[in-house]
Amino acid sequence: EARAAAAVAALDGAVVKGVSLRASRGLGRRDNIFPFLDRGLRESFELDSTAAYSAMDEHTTALLASFLAVVYAGEDLATLAITDACACTGACAVVLARHFRAVDAVELDAGRCAALRKNV
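Residue numbering for the sequence shown follows our numbering, starting at 2 and increasing by one per position.
Just so you know, the hints here were simulated from the structure itself, not pulled from any lab data. All clues given are correct.
Quick list of in silico lysine to any residue cross-link-like pairs, SDA-like style, CA-CA up to 25 angstroms:
1) Lys-18 / Ala-5
2) Lys-119 / Asp-39
3) Lys-119 / Thr-61
4) Lys-119 / Glu-59
5) Lys-119 / Arg-30
Since the model is a prediction, treat every value here as computed from it, not as a measurement.
With the hints as constraints, model all of the structure from the sequences given.
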């Protein structure tokens with residue numbers, strides 16, 4: 002781990018062929034789920050082991066929204082509400098909220114529900 006941290010430190014700010022590099026320690030699964038989300042938000046997003054395994058990534062959720070736009074052709078998704086019936090810690094709900102007027106996120110597990118409330 003110390004060697005990896007040293008490598009990240011050495012690369013951060015380095016210039017290679019005129020391109021300045023930014024390197025930082027990865028956030029694991031959060032980086033895969035939310036590649037386009039600000040690092041600070043990714044860092045604060047709570048994921049338990051179930052969410053880390055089962056959460057749909059941001060890109061796939063956006064594709065789902067695009068699919069739903071085809072299914073509801075002629076309707077503006079921004080005027081519709083959707084239910085995420087297995088919301089877990091809210092990964093899909095966060096992305097779906099960019100496309101729909103409202104997202105009703107449902108989670109039965111108390112711990113994940115608490116994380117869901119915090120995350121969304």
